[in-house]
Amino acid sequence: MKRSVFGLVAIAGALLIAPILISAPKIGEPAPDFSATASNGKPYRLSEYRGKFVVLEWHNNGCPYTRKHYDSGNMQRLQKEWTAKGVVWFTVISSAPGTQGYVTADQENAYLSKMGATPTAALLDPNGEVGHLYDAKTTPHMIIINPQGAVIYDGAIDDHPTSDASDIPASKNFVSMALGDAMSGRPVSVATSRPYGCSVKYAGASH
Amino acid sequence: MRAVLTQGDDPPSYEIMSFERQSRLSGLIPAMIRDLPLKTLNSTTQFFCMFFAAAIFTGLIAGAIAVPARAAAIQHGTLDLVSENTWISPGQSFTIGLHFKLEKGWHIYWKNPGDSGEPPRVTWQLPEGITAGEIEWPAPHAMIASTIMNYVYDGEVLLIVPMQAAQSVPVTPGAAKLDASVRLLICSDKMCVPSKAQLSLSLPVKAQVSSREQSAASLFSAGRAHLPKPAPAAWQFTWTDKRDSLVLRARTNQKVSPSYFFPLEESQIDFSAKQEIAPVTGGFQVTLRKSNQLTKPVARLRGVLVLADGQAYLLDVPAGASTSGRAGS
Chain L
1 MKRSVFGLVA IAGALLIAPI LISAPKIGEP APDFSATASN GKPYRLSEYR
51 GKFVVLEWHN NGCPYTRKHY DSGNMQRLQK EWTAKGVVWF TVISSAPGTQ
101 GYVTADQENA YLSKMGATPT AALLDPNGEV GHLYDAKTTP HMIIINPQGA
151 VIYDGAIDDH PTSDASDIPA SKNFVSMALG DAMSGRPVSV ATSRPYGCSV
201 KYAGASH
Chain G
1 MRAVLTQGDD PPSYEIMSFE RQSRLSGLIP AMIRDLPLKT LNSTTQFFCM
51 FFAAAIFTGL IAGAIAVPAR AAAIQHGTLD LVSENTWISP GQSFTIGLHF
101 KLEKGWHIYW KNPGDSGEPP RVTWQLPEGI TAGEIEWPAP HAMIASTIMN
151 YVYDGEVLLI VPMQAAQSVP VTPGAAKLDA SVRLLICSDK MCVPSKAQLS
201 LSLPVKAQVS SREQSAASLF SAGRAHLPKP APAAWQFTWT DKRDSLVLRA
251 RTNQKVSPSY FFPLEESQID FSAKQEIAPV TGGFQVTLRK SNQLTKPVAR
301 LRGVLVLADG QAYLLDVPAG ASTSGRAGS
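If you read the sequences in order, they're chains L and G. Reminder that position 49 of the first sequence reads as 49 in my numbering, one-by-one numbering, no gaps. Reminder that position 118 of the second sequence reads as 118 in my numbering, one-by-one numbering, no gaps.
Excised from the complex, chain L in its bound form (with noise of 0.2 Å):
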């Protein structure tokens, strides 16, 4: 019994030391590598998209910024327009079970279906690890993998940071702006910016 307890007080520990340690990758740094399975119930692992651009969107169904993009459709358009072009588009969600925007892979099968959202795949994350390799703040919170397997961009979606879908014409959308670059060999002209939203609700953040 002591030592039970003891044991769970260690791994407690260890998770919470743990994303502290990690450090999120800079611009420019090789993208780490993760595994997940996605709603659609098959495995993804990042290493297996060497050669093609990548995009990590955070994402939470209830979360006002995201809900300002999907009910907008400016997210599925985004997804549509730039898999077309052969990116792979992972929306990630990393709310942990009992908060907003945690779903099961048929609540999100749904949700994607009655959205009208293509991303390659939505990976169901609810320990926050992919967030925390990424240092995801927010949802959303966009990050962009090269085909050589570096970070190059890392930041929001656009520089309006509110959740009034009335905004996004008048938007720079740094997602398009830096596969833009990327794609023509240019450098990306904005590589980073503060992320905006809801904060990521992961796992172990009640206090």
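Keep in mind that the hints were calculated from the coordinates and are not lab data. Treat the numbers as computed from the prediction; the structure is a model and nothing was measured. C-beta: ideal position from N, C-alpha, C; glycine also. One or more hints might be untrue.
Claimed, not checked - Cut-off 30 Å, straight-line C-alpha distance, at most; resulting in silico cross-link-like pairs (DSSO-like, lysine-lysine):
#1 K111/G to K26/L
#2 K172/L to K290/G
#3 K111/G to K172/L
#4 K26/L to K296/G
#5 K114/L to K196/G
#6 K172/L to K296/G
Claimed, not checked - The following residues of chain L were derived to be distant from chain G, with all beta-carbon distances above 10 Å:
#7 P32
#8 K42
#9 E48
#10 R50
#11 V54
#12 K80
#13 K85
#14 S113
#15 G116
#16 A121
#17 T138
#18 S171
#19 R186
#20 K201
#21 A203
Mind docking chain G on chain L? Use the hints.
This is chain G only, laid out in the frame that chain L set:
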């Protein structure tokens, strides 16, 4: 002088499944009376119905007096527009406060929200000649959830807004109506919801210089106590740019225990990184890790330094200079 009419919060496009809680007491009651199917009832029943509805209405109002009586319901809290002054005087400044009361476990954001979130935003509609200044932000709390650092307010907070009435504002027997539409994000550790409120406050305009509204005096004095002040003139601040960090040094020549530096700029300091606080000869230093998003050389370090005793000082320290931390000094 409190808000006369307030409209409940209603984020129409964001019905967030079961997460949202309807707390629209003020908006609910008139709608309840209006929507009674009176036409289908005979006059006696109608009378009782009206009587009953009125009784419920009165009872609820009476019962709500302990809570801010005329405050607007926002998601998970209330918001009230309060005047510090008894009336508006042409040519004089006056002060309005946005008084938030939040349910336990919910928070709103400072001017710099930190890693996520958004501060409340106010759009004023004011009579000709009356202008609103910038919100004076009290020192926030640092709240870390997992790896995400936020600068927040919880419980009760007063955002003070300095107002100015031009000499041309006409003295009227009626009142000047100040309208504010407020949009905000309110979050718990499990979810975030948007909220908005329409607030209105009517104040008389008189030629005499206004005095302080008695009933609001303690609210405003408590609110002002939380505002960061300029640092003592004798204290000298500098900072140096190290490879991965900015080191803020203070020469105070007295024992001072800092607890946290709240940076005002985005994408300059890594908010979630631990701040290393150490005593140095004649003062202290705070080591702040640079943000990964920092792409330009830092020209000035602005923020609020909070001490262990709760005192908060507004700092604005340009590169290379040794200053008292006051802009332009």
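We went through each hint and held it up to the structure:
1. The hinted pair formed by K111/G and K26/L meets the criterion: a straight-line CA distance of about 27 Å does not exceed 30 Å.
2. This hinted pair checks out: K172/L and K290/G have alpha carbons roughly 25 Å apart, not beyond 30 Å.
3. As the CA atoms of K111/G and K172/L are separated by approximately 23 Å, the hinted pair is consistent with the 30 Å bound.
4. Straight-line distance between C-alpha atoms of K26/L and K296/G comes to about 15 Å, which keeps the hinted pair within the 30 Å bound.
5. For the hint pairing K114/L with K196/G, the CA-to-CA distance comes to about 27 Å; that is within 30 Å, so the pair holds.
6. Restraint check for K172/L and K296/G: the C-alpha separation of about 20 Å stays at or below 30 Å, so the hint holds.
7. Distance check for P32/L against chain G: the nearest CB is about 14 Å away, which clears 10 Å, and the non-interface claim stands.
8. Every CB of chain G is more than 10 Å from the CB of K42/L (nearest about 27 Å), matching its label as outside the interface.
9. Listed as outside the interface, E48/L is consistent with that label: its C-beta sits roughly 26 Å from the nearest C-beta of chain G, beyond the 10 Å cut-off.
10. Listed as outside the interface, R50/L is consistent with that label: its C-beta sits roughly 24 Å from the nearest C-beta of chain G, beyond the 10 Å cut-off.
11. At the 10 Å boundary, the C-beta of V54/L stays outside the reach of chain G, the nearest C-beta of that chain being 19 Å off.
12. The claim that K80/L is not at the interface with chain G holds, since no C-beta of that chain comes within 10 Å of its own (minimum 22 Å).
13. Annotated as non-interface, K85/L keeps its C-beta farther than 10 Å from every C-beta of chain G; the closest such distance is 27 Å.
14. Every CB of chain G is more than 10 Å from the CB of S113/L (nearest about 17 Å), matching its label as outside the interface.
15. Every CB of chain G is more than 10 Å from the CB of G116/L (nearest about 17 Å), matching its label as outside the interface.
16. Once the 10 Å rule is applied to beta carbons, A121/L is consistent with being away from chain G; the minimum gap is 23 Å.
17. Some Cβ of chain G comes within 10 Å of the Cβ of T138/L; the nearest lies about 4 Å off, and the non-interface call is violated.
18. Separation of S171/L from chain G is adequate, the least Cβ-Cβ distance of about 15 Å exceeding the 10 Å criterion.
19. Separation of R186/L from chain G is adequate, the least Cβ-Cβ distance of about 17 Å exceeding the 10 Å criterion.
20. Annotated as non-interface, K201/L brings its C-beta within 10 Å of a C-beta of chain G; the closest such distance is 6 Å.
21. The beta carbon of A203/L sits about 8 Å from the closest Cβ of chain G, which is not more than 10 Å, so the claim that it is off the interface is violated.
In terms of the numbered hints stated before, the structure departs from hints 17, 20, 21, listed from lowest to highest.
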